Each structure stands twice: as structure tokens, then as C-alpha cells.
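Colleague: Could you put the whole structure together from the sequences, leaning on the hints where they help?
Number of protein chains: 2
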Amino acid sequence: MATRARLLRGVANGSCSHVSGLVAPAASRGLPKAAARLSSACRSSIIPQTRCLGSRSFSSTSASRAAKLTADSYPGLTRDSRFSQLTPEHVAYFKQLLGQDSAVIDGINADAAADIEPFNEDWMHKYKGQCRLVLKPGSTEEVSKILRYCNENMLAVVPQGGNTGLVGGSIPVFDEIVISMGRMNTIHSFDEMSGSLVLDAGCILEVADQHVAERGYIFPLDLGAKGSCHVGGNVSTNAGGLRLLRYGSLHGSVLGIEAVLPDGTIMNDMCTLRKNNTGYDLKQLFIGAEGTLGIITKLVVQCAQRSPAVNVALFGIESYEKAQKAFREAKLQLSEILSAFELMDGTSQRIVHQVRGGTKPLENDYPFYCLIETSGSNSEHDYEKLEKFLEDVMSNEVIADGVVAQDATQIKTLWSWREGITECIGHWGGTYKYDVSIPLSDMYLIVHDVKARLSEAGLLGETDDHPVVDVLGYGHMGDSNLHLNIAIRRYDKEVEKVLEPYVYEWIEKRQGSISAEHGLGLAKKNYIGYSRNETMIGLMKQIKTLYDPNGIMNPYKYI
Amino acid sequence: MATRARLLRGVANGSCSHVSGLVAPAASRGLPKAAARLSSACRSSIIPQTRCLGSRSFSSTSASRAAKLTADSYPGLTRDSRFSQLTPEHVAYFKQLLGQDSAVIDGINADAAADIEPFNEDWMHKYKGQCRLVLKPGSTEEVSKILRYCNENMLAVVPQGGNTGLVGGSIPVFDEIVISMGRMNTIHSFDEMSGSLVLDAGCILEVADQHVAERGYIFPLDLGAKGSCHVGGNVSTNAGGLRLLRYGSLHGSVLGIEAVLPDGTIMNDMCTLRKNNTGYDLKQLFIGAEGTLGIITKLVVQCAQRSPAVNVALFGIESYEKAQKAFREAKLQLSEILSAFELMDGTSQRIVHQVRGGTKPLENDYPFYCLIETSGSNSEHDYEKLEKFLEDVMSNEVIADGVVAQDATQIKTLWSWREGITECIGHWGGTYKYDVSIPLSDMYLIVHDVKARLSEAGLLGETDDHPVVDVLGYGHMGDSNLHLNIAIRRYDKEVEKVLEPYVYEWIEKRQGSISAEHGLGLAKKNYIGYSRNETMIGLMKQIKTLYDPNGIMNPYKYI
Chain A
1 MATRARLLRG
11 VANGSCSHVS
21 GLVAPAASRG
31 LPKAAARLSS
41 ACRSSIIPQT
51 RCLGSRSFSS
61 TSASRAAKLT
71 ADSYPGLTRD
81 SRFSQLTPEH
91 VAYFKQLLGQ
101 DSAVIDGINA
111 DAAADIEPFN
121 EDWMHKYKGQ
131 CRLVLKPGST
141 EEVSKILRYC
151 NENMLAVVPQ
161 GGNTGLVGGS
171 IPVFDEIVIS
181 MGRMNTIHSF
191 DEMSGSLVLD
201 AGCILEVADQ
211 HVAERGYIFP
221 LDLGAKGSCH
231 VGGNVSTNAG
241 GLRLLRYGSL
251 HGSVLGIEAV
261 LPDGTIMNDM
271 CTLRKNNTGY
281 DLKQLFIGAE
291 GTLGIITKLV
301 VQCAQRSPAV
311 NVALFGIESY
321 EKAQKAFREA
331 KLQLSEILSA
341 FELMDGTSQR
351 IVHQVRGGTK
361 PLENDYPFYC
371 LIETSGSNSE
381 HDYEKLEKFL
391 EDVMSNEVIA
401 DGVVAQDATQ
411 IKTLWSWREG
421 ITECIGHWGG
431 TYKYDVSIPL
441 SDMYLIVHDV
451 KARLSEAGLL
461 GETDDHPVVD
471 VLGYGHMGDS
481 NLHLNIAIRR
491 YDKEVEKVLE
501 PYVYEWIEKR
511 QGSISAEHGL
521 GLAKKNYIGY
531 SRNETMIGLM
541 KQIKTLYDPN
551 GIMNPYKYI
Chain B
1 MATRARLLRG
11 VANGSCSHVS
21 GLVAPAASRG
31 LPKAAARLSS
41 ACRSSIIPQT
51 RCLGSRSFSS
61 TSASRAAKLT
71 ADSYPGLTRD
81 SRFSQLTPEH
91 VAYFKQLLGQ
101 DSAVIDGINA
111 DAAADIEPFN
121 EDWMHKYKGQ
131 CRLVLKPGST
141 EEVSKILRYC
151 NENMLAVVPQ
161 GGNTGLVGGS
171 IPVFDEIVIS
181 MGRMNTIHSF
191 DEMSGSLVLD
201 AGCILEVADQ
211 HVAERGYIFP
221 LDLGAKGSCH
231 VGGNVSTNAG
241 GLRLLRYGSL
251 HGSVLGIEAV
261 LPDGTIMNDM
271 CTLRKNNTGY
281 DLKQLFIGAE
291 GTLGIITKLV
301 VQCAQRSPAV
311 NVALFGIESY
321 EKAQKAFREA
331 KLQLSEILSA
341 FELMDGTSQR
351 IVHQVRGGTK
361 PLENDYPFYC
371 LIETSGSNSE
381 HDYEKLEKFL
391 EDVMSNEVIA
401 DGVVAQDATQ
411 IKTLWSWREG
421 ITECIGHWGG
431 TYKYDVSIPL
441 SDMYLIVHDV
451 KARLSEAGLL
461 GETDDHPVVD
471 VLGYGHMGDS
481 NLHLNIAIRR
491 YDKEVEKVLE
501 PYVYEWIEKR
511 QGSISAEHGL
521 GLAKKNYIGY
531 SRNETMIGLM
541 KQIKTLYDPN
551 GIMNPYKYI
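Read top to bottom, the protein sequences are chains A and B. The numbering of the first sequence is full-length UniProt numbering, which starts it at 1 and goes up by one. The numbering of the second sequence is full-length UniProt numbering, which starts it at 1 and goes up by one.
Calculated directly from the structure, the hints in this document are not laboratory data. Please read all numbers here as calculations on a predicted model, not as lab measurements. Watch out, some of these pointers could steer you wrong.
The list treats identical chains as interchangeable, and a pair is accepted whether it falls inside one copy or across any two copies.
Taking lysine-lysine and the BS3-like style, the derived pairs with C-alpha atoms no more than 30 Å apart in a straight line are [what the hints assert, rightly or not]:
{"no.": "1", "residue 1": "K145", "residue 2": "K541"}
{"no.": "2", "residue 1": "K509", "residue 2": "K325"}
{"no.": "3", "residue 1": "K145", "residue 2": "K544"}
{"no.": "4", "residue 1": "K544", "residue 2": "K525"}
{"no.": "5", "residue 1": "K451", "residue 2": "K509"}
{"no.": "6", "residue 1": "K145", "residue 2": "K509"}
{"no.": "7", "residue 1": "K525", "residue 2": "K451"}
Modeller: Here it is, written out as C-alpha cells:
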């Protein structure tokens with residue numbers, strides 16, 4: 001049992017203590033699920049200033065800067081002259097429709113700059129629009145009347161949910177009208193038998209998840225911004241997040257959608273049933289359309305049974321090949337209870353330790369680390385499976401060392417070594433970040449190749465005359481989703497030239513995706529060709545023209 | 001332990017034997033999964049003559065009848081005069097393109113009636129077309145050239161997979177050219193790490209499943225016709241089947257599609273990754289389009305880890321309310337291992353017993369029976385969960401009695417009480433069948449209402465002067481999917497008048513679906529309005545016109 005004793009140690013608030021054998025997992029000790037699992041809101045609060053941007057550079061100091069106008073950052077963009085300029089008559093129409101105080105923020109007739117600012121700028125202060133009118137409809141009918149009027153009067157609009165996006169999709173570029181969905185936030189019904197949840201698009205994800213949690217269910221999506229993002233925005237951007245490995249994509253779990261088309265047509269496809277084979281599944285087009293075809297107003301979401309038992313383990317691995325073996329073995333042995341399989345490379349963990357200090361979960365350093373989470377209905381069963389798995393991969397030398405969390409605090413501590421990367425990597429000045437999908441066999445290779453390329457160019461080094469500190473990779477291994485990060489001391493055009501289009505071409509060669517889960521927005525509009533062929537892009541434009549012939553919906557973005 | 005002793009008995013080849021306690025489940029005794037679970041091919045072979053038709057009547061004696069021409073059965077349909085008549089020149093083009101012997105069956109220049117017949121008629125002998133040319137392309141490029149030529153020459157086509165459909169979707173109505181996909185049946189690759197399978201549309205489902213089974217995975221779809229249906233047809237009809245409860249719909253598990261549009265455009269959307277947020281997810285339109293937008297030629301399918309342990313239990317229940325409670329409790333306690341929850345009413349089980357004889361699994365009769373299947377990675381854990389669940393629902397009087405299968409033979413026997421219904425119900429002459437989705441709380445009510453209505457009309461009774469023998473319901477309770485069956489002594493227009501449009505209106509009132517999993521085809525083309533509003537139908541027609549402006553793809557059907 002030497003293997004076992006070496007493997008299974010406690011991790012109390014970050015400090016390791018050896019234990020002689022297994023102890024019961026968190027959930028069986030009466031800790032509620034909410035405590036046993038680091039809540040996303042909590043996790044995101046650790047990293048207030050830096051997050052993954054999807055594809056482009058973002059300095060950690062930018063939060064303190066005044067955001068540049070997007071129109072200035074993207075000098076190639078010009079305002080589409082087909083769109084009307086907003087007039088007092090337009091504003092008067094909306095005030096009459098929605099009511100002046102609660103539903104219209106009017107930057108035309110009054111000095112409402114401060115009120116409008118949150119709608120004109122993203123939380124990263126990377127994108128800044130020049131919108132002068134924010135509308136807050138309270139019903140689908142109001143959304144319909146707004147869009148019909150805008151379409152007839154050639155007024156461009158930007159649908160906005162929680163404004164937590166990473167690619168500038170919810171921020172106006174010029175003077176587009178913002179349609180903010182926050183007032184439409186009713187949870188209409190939840191069927192405790194089937195698990196189907198009917199709710200407004202403006203509901204906050206965490207509120208929705210809490211609603212079903214109280215009834216024993218789980219919303220099939222979880223992500224860092226859950227405390228402020230809207231479910232309508234989640235569906236519009238086809239958000240991936242932490243639960244995709246287990247519950248699949250929103251294309252499978254969204255049962256129904258109500259959306260308003262640009263001409264005001266209300267598309268009511270609010271089926272609450274799992275099976276309905278009566279015609280084209282048009283709602284699918286709106287999942288991931290980023291508000292370019294219409295505005296999602298209501299949803300039906302299939303929620304899954306919530307798992308009362310959660311276990312987390314973290315282990316060190318000698319090579320990427322062994323990390324793949326560990327993943328294959330985890331799928332085999334943990335199968336139906338596996339709910340996360342995250343990869344962190346040695347560089348990322350070294351940086352976290354360097355920046356935060358404290359005791360590492362494992363004594364030695366390894367080139368790779370994996371974090372496994374299981375969720376199931378019986379904690380003893382799950383722990384037994386996890387124990388067996390860990391013993392197998394230890395004795396077969398697939399993993400070199402590992403720890404299993406024994407209570408909620410330890411679960412939180414282990415997750416923090418994965419979730420803390422984003423914060424720590426910005427320590428030296430900034431980060432270039434790419435959120436990509438690559439077939440698993442090649443996934444980590446991009447980190448090596450990018451690092452070699454930057455070294456060869458003389459841009460990476462330990463001294464201050466090198467702009468690049470290091471290159472690292474981590475992410476949702478279970479979904480072939482890597483976060484490629486380049487930690488930098490300063491913003492440098494030379495670095496960018498070495499990175500792009502190299503990174504995109506590298507991904508294209510391996511049929512990867514340049515946007516795994518963050519969407520296109522403004523940031524990646526010009527790069528879609530690396531992941532989609534011309535025929536596909538042509539067919540997409542055909543759909544855009546079909547639904548939005550005047551192009552008023554979220555212009556300048558997407559495709 | 002009285003409860004337990006009463007509950008857990010053996011079922012050996014249909015005869016019950018009491019056991020004093022629990023025995024190990026099938027899989028832990030070394031029985032392979034294939035044996036422990038009744039294969040679908042085996043199950044379907046029990047019922048060669050009758051199957052669920054989706055919506056309309058079907059006499060069990062019809063198999064022996066010569067099929068009527070669809071054009072005669074549906075006198076309201078007339079051949080679209082925009083379509084060209086097939087000429088020897090057209091045929092010559094295709095022969096030159098595909099090669100005369102293996103890829104063209106030519107009913108124009110030769111007497112190929114016998115060769116063409118299987119493509120002109122469905123397996124139920126319910127639909128019969130007048131096609132005189134069958135094309136069997138061997139590559140995507142050939143499909144592209146065929147469709148471009150047909151589109152330019154206004155030749156209507158019908159894509160055909162395994163021809164196992166239930167609504168006439170794959171059979172020509174008049175002289176449409178059949179494009180049979182059987183020659184495109186290569187499995188291109190399987191990624192054992194991610195579970196993504198790349199294969200041709202013409203692959204047989206069972207072959208695909210076997211391919212991944214050998215590698216520890218499961219195809220996320222299973223249905224009775226798996227031995228002959230094509231995966232391309234499955235995706236084109238968005239087949240539901242037995243695994244939807246566990247693995248979700250094809251909208252979630254199909255990662256990539258290659259399809260040829262009517263103008264010959266090859267839409268290559270063959271992403272092998274789970275996450276790819278780069279533009280509209282156009283492939284979704286082809287899932288369930290029933291060949292009306294184009295022809296699917298290749299697929300990428302996300303396969304799940306295969307579960308080595310399978311357990312099956314069957315129990316008797318006193319009311320539909322208690323059946324719902326049992327379902328809710330099964331979701332709660334069996335959660336991640338639950339792979340089937342099937343409902344059978346007392347009438348259905350009485351009929352099976354009446355027709356087949358033998359020993360019933362349970363001694364007493366109950367108004368409802370449920371069959372539960374669990375699939376997991378650890379048979380002891382699964383059995384323990386199942387045992388605990390059964391003890392709880394027994395002691396709480398949610399269920400009245402139950403048995404657990406103890407080996408593969410018993411699993412097969414228990415499934416046969418569910419799967420045998422279709423065969424036995426046709427015993428008296430025929431069956432009117434409806435495949436519908438209804439919110440679970442109301443689902444069974446339709447059986448009561450239809451029975452009362454037929455009784456009030458004097459059509460249902462024990463004597464031969466009543467056309468209706470009985471009304472019953474069974475189906476995939478886990479998916480809110482009911483098979484409403486009316487067993488009849490003879491075909492009777494009066495019965496039909498009482499049933500329709502009553503059944504459709506009943507479903508419409510409860511926002512149910514008139515086609516849960518079988519699609520529209522020809523059979524339900526005119527009934528879509530009961531499940532979709534005019535706006536939705538209008539938007540669907542817009543998509544049809546966009547992709548197929550000449551209307552050559554599978555005409556006279558769908559919408």
C-alpha cells in the first residue's frame with residue numbers, strides 16, 4: 001500500500017498533511033454541494049482584472065486605463081452610412097412605447113453619459129461604443145415593437161445581456177442603440193418531473209441555477225461570470241463553460257426558444273419536450289448567433305439531476321502523453337461520474353506558486369498537472385471509483401503523484417491552482433491569450449511550437465530586455481479546449497507579428513477552432529476563415545441576409 | 001426484510017422463482033454487455049410485421065397485401081408539372097457519371113422492375129412510388145454532380161438510406177429519382193481519446209456502434225432498425241430511440257456534417273471537436289430535415305464511454321401518479337446510471353400475456369408497469385443503487401411489486417414484456433398508432449380520454465360487432481414520449497373520424513408534439529400545424545426556398 005499512502009494526502013488550506021488512508025469525501029460528511037464546490041462567483045472574484053480574452057492581447061493594467069473608443073482601436077471600421085442618425089423623434093417614440101424613466105436611457109436630450117457608460121463599455125475596458133440610447137424592454141411585445149421600428153427606420157441595434165462577453169459582441173461600435181434585456185428576468189415555470197425550465201432571456205445564470213438547485217436539478221451550464229451573465233446571452237453565444245464535458249452543449253439542452261426577428265416577427269418555438277420532430281429546428285440557428293439574427297426573449301432549458309456528491313483530485317504527470325493516458329483511463333473508470341478533467345502545465349503552476357506563494361499541493365514539480373472532478377449520486381461509490389482509478393494510474397506510472405480533497409476547503413484549494421492561473425499570469429504586465437480547440441493528440445504541441453518560435457525570434461527570456469516572460473497552456477482537456485497564454489512584460493508589436501497569423505495558421509492546419517467557446521464578436525470577425533471554409537462563410541452570410549436584410553442586428557461583427 | 005423478499009425474485013425464461021436475497025447482477029458474472037442487453041436487431045426480429053407508424057392506421061395483415069401506389073392512397077396529391085420527365089439522355093448522363101452496372105438501376109431502358117421495387121416501396125408496404133431510376137453514388141463528388149444535374153434539369157430526387165422510416169419519407173411519391181446512399185459506407189476514423197467518429201452517411205448504425213464498441217465506446221443512438229438503417233438517415237430524421245434519455249439528442253452529439261445542397265454545393269462542416277464557436281451552426285438545419293434541404297454525405301459523431309454494467313428491473317404500480325413518483329425517485333437515486341425508464345399500462349401487458357401466454361414476471365395484475373435499465377461502470381455500485389431505490393419505492397408504496405433480472409436471459413425476458421407489445425397488439429387485426437410527446441403530468445390521460453370517446457361512440461367492446469378491441473399506452477416515459485395504440489378488429493372509417501382530428505387537437509391543447517421521434521415525411525405533412533404555429537411554418541418554408549428554390553429535394557413531403 002505504499003502507493004496509496006504516497007498518493008492520498010490531505011490538503012488543508014493549501015498545506016499538505018500526510019494521512020494514513022482514505023477518509024470519506026466531502027459530501028458524505030454532510031457538506032452541501034454548494035460548499036463542496038467552489039462557486040463560480042467566488043472563483044471569478046479572485047480574478048477581477050484579467051480573464052481570457054479569446055484571441056487578443058490584454059494588459060492587466062488596462063483596467064485602470066480609460067478605454068479607447070472601438071472606432072479608434074479599429075481604424076479600418078467605418079460607420080455604415082445606411083443607418084439613420086438617431087433623432088429626438090426616434091427617442092420620443094421609444095419613450096412613449098416603454099415609459100421614460102425605467103426603460104429608456106436617453107443621451108440625446110439629457111446629459112446621461114454616466115448612466116449610459118456601463119452599456120457602452122465592456123468589463124475589460126477593451127471595447128467602447130458611442131451609443132446614445134439604451135432601451136430596456138419589459139416584454140416580448142415591446143422587443144418586437146422596438147425592432148420593427150428600428151428596422152423600418154434603419155436604426156442599428158446591439159442586444160445586450162449581462163455584458164460579460166470576451167470578444168466585444170455586446171458593445172456598440174458606433175452609435176447603435178443598446179437593447180438591454182435585464183428587465184425580462186422572470187422564471188416562468190419549472191417542471192420537477194421532466195427538468196424543463198422556462199425562463200426569460202434576461203435571467204441571471206446563477207439565479208436560474210439556484211432556482212433549479214432548490215428542486216434537485218442543475219442548470220447544464222456553469223461559467224465564471226454566472227453571477228452577472230444572462231441565460232439569453234449564454235445561449236446567444238453558445239457558451240461552453242465547466243459543465244459541457246458532462247451535460248453537453250446548449251444545442252442539446254435548449255429545448256425551446258422565443259426570439260424576435262429584426263422585422264418584429266415573434267418566433268415562438270417554446271417546446272418544453274425533449275422530442276419534437278415536426279420540421280426544421282430553426283431555434284438552433286439562434287444558439288451562437290451572437291444577436292445577429294434577432295433577439296432571444298425566452299428559453300426552455302433541459303436541466304439535469306443535480307449530483308449531491310462531489311470529489312476533486314489533483315495529480316502530477318511526467319509528460320503530455322501520460323496526461324492523455326490519464327484522461328483515457330478517467331473516462332474508462334470514472335465514466336458516468338466524471339464532471340471535469342482540467343490540464344495545467346508545469347509553467348502555469350510554477351507561475352501561480354511564484355506569484356501567490358504558499359504550499360504546493362504536491363511536493364515535487366511536474367511538467368503537467370491534471371485536476372479531476374467527479375459528481376454522482378452516491379459519495380461512497382464515487383470515492384471508491386476515484387480511489388481505484390488513482391491507484392491504477394499510480395501503479396501503472398501514468399501519474400507520478402496526487403492528492404484527493406477531503407473536504408470543501410480542500411476542494412476549493414485544489415480548484416484555486418487551476419482557477420488562479422488567469423490572475424497570476426498577468427503579474428509581469430500582460431498576457432496574449434488564445435482560446436482554441438485542437439484535436440487532443442496535438443493540443444499541447446502548440447505551446448511548444450509558440451515558445452520555440454518566440455525564443456528563436458529572441459523575444460523570450462528571463463531579463464527585462466525580452467518582452468515575453470513565458471508561454472504556457474492549460475484548459476478543459478475533456479473538451480479539447482486549450483487556453484494558450486503568452487505572459488509578457490510589455491505590449492510589443494514584434495511579439496504580435498511572431499504570433500499572428502502563425503497561431504491561427506497552426507490551428508487551421510490541424511482543423512482546430514480559433515474560437516472554442518468565446519464566439520466571434522468584433523475580436524474574431526476577421527479570423528473566421530481559419531476555422532471555416534469559404535462555402536460555409538457564404539452560406540452563413542446567406543442566412544444573415546435572409547433574417548436581417550437591412551443588417552441592423554449587431555453590425556460590424558460576427559461574419 | 002419482508003419487502004425485500006417479496007420484491008426481489010428471479011425471472012428465469014419468463015418463469016418467476018423466489019430468491020431469498022440479492023444476487024450479483026448480470027455483468028458482474030462475466031456476461032458481456034452485448035449479452036446482458038437484448039440487442040435491438042434481436043428485438044426487432046420479434047416484430048417483423050407491425051411497428052409503430054407514427055400517426056396512422058396500419059393493419060397487421062397489410063404485409064401480405066400488394067402495396068397501393070401512394071399516388072392512389074393520397075388522391076389529393078398530383079405530380080408537380082414543373083419537374084421534367086426522365087429521358088434516355090438523362091439516364092445516359094448518369095450512366096456515364098456513375099458506371100452502368102453497380103451504380104445505376106435503370107427502369108427506362110431495361111425491364112428492371114424487380115430491381116427497382118425495393119427502392120419504390122417501404123418495408124411496411126404502405127407507401128409505393130413510381131421511380132424508374134435509382135442512383136448509387138460512391139462519393140461526395142458524385143452526389144454533388146448528380147444533384148447539380150438534377151437541379152439544372154428539374155429532376156426531382158428522393159434521398160434514401162436504409163429505407164426503415166415510418167412516415168414514408170424515403171419513398172418516391174411519383175417518378176422521383178432515388179439516390180441510394182448504401183455505397184458510401186466507409187468508417188473513416190475514430191479518435192479513441194475524444195470519442196469522435198468520422199463516417200459516411202451510408203454506414204449502417206449497428207456497424208458503426210460495433211466499431212466503437214470494440215474500442216470501449218457507444219454510439220449515442222440505438223433503435224430497432226439498427227441492423228439496416230443508415231446513420232445518415234438517422235441524422236436526417238433526427239431519430240430519438242432508446243438512448244436519448246441518457247445521451248441526449250443528435251443536435252448535441254453530431255459534431256460535424258458534410259452535405260450536398262441541391263445546386264451541388266458541398267457544405268463541409270466536418271469539425272471533430274466539441275467546441276467550435278465560429279459562426280452559425282448550419283449543420284443543425286440538416287438534422288431532422290428529412291432530405292428536403294440536401295443530402296448528408298458524411299458525419300462526425302461524439303460517442304460516449306460504453307458502460308460495462310447493465311441492470312434491468314420491472315415493477316407493478318397502482319396508478320399513473322405513482323408511476324410519475326417512481327420516475328422522479330429513479331432520477332433522484334439512479335441519476336447518472338439511469339439509461340431507460342419505460343412505461344407500459346396494464347392493458348398492454350394483459351394483451352401480451354393473452355397473445356403469448358407464459359408466466360408473467362409479477363403474479364398480480366397492475367394498472368401500470370415500469371421497466372428500468374441502469375448502465376454504469378461498476379456493476380456492484382449500480383446494483384446497490386438499484387436495490388436501495390427499489391426498497392425505498394416498495395416501502396413507500398410507490399410501487400406494488402417488482403423483479404430484478406439476474407442474468408442476460410432474464411434481462412431479455414423483462415425487455416420482451418415491453419418490446420413484445422407492438423407484435424401482440426396487432427393480434428386482432430390491426431392497430432391505430434400515434435407516436436406523440438405530451439408533458440408528463442398529462443401524458444397518460446390521452447389514453448383514458450380516447451378510450452372514453454370510443455366507448456361513448458359505441459365503437460369499443462368485447463364483441464365482434466365493435467371495431468375497437470381496446471386502447472392502450474406505453475412508451476419512453478423518460479422522454480415524455482407515449483405510443484398511443486388502438487387495437488382494432490377491422491379498419492373502420494367511423495373509428496378514424498372519432499380519432500382524428502380529436503387526438504391531434506388534444507395534443508395541441510397541451511403543447512405536445514404530434515411527432516415525437518418519427519418525423520413528418522408524407523404521413524404527417526398535413527398535420528404539422530397542430531405542433532407548430534403559422535409563423536414557424538412560414539419561417540421553415542423560407543429556409544426550404546432558400547436552400548432548394550426549385551423544390552427538387554424530396555417533394556410532396558415534410559412541410
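Colleague: Can you tell me if K544 and K525 fall within 30 Å by alpha carbon in one copy, between copies, both or neither?
Modeller: Both: 14 Å inside a chain and 28 Å across chains, each within 30 Å.
Colleague: Checking an output row: K145 and K544, CA cutoff 30 Å. Within, between, both or neither?
Modeller: For K145 and K544, both the intra-copy (21 Å) and inter-copy (28 Å) Cα distances are at most 30 Å.
Colleague: If the cut is 30 Å between Cα atoms, do K145 and K541 qualify within a copy, between copies, both or neither?
Modeller: both (25 Å within a copy, 24 Å between copies)
Colleague: Is it within, between, both or neither when you check K451 against K509 at 30 Å Cα-Cα?
Modeller: within (18 Å within a copy, 62 Å between copies)
Colleague: First find the shortest C-alpha distance between K525 and K451 inside one copy, then the shortest across copies, and answer within, between, both or neither for a cut-off of 30 Å.
Modeller: Within one copy only: 26 Å inside, 58 Å across.
Colleague: Indicate which option fits the pair K509, K325 if close means a Cα-Cα distance not exceeding 30 Å: within, between, both or neither.
Modeller: within (24 Å within a copy, 53 Å between copies)
Colleague: When no copy is specified for K145 and K509, does a C-alpha distance of 30 Å or less occur within a copy, between copies, both, or neither?
Modeller: between (46 Å within a copy, 28 Å between copies)
Of the numbered hints stated above, none is contradicted by the structure.
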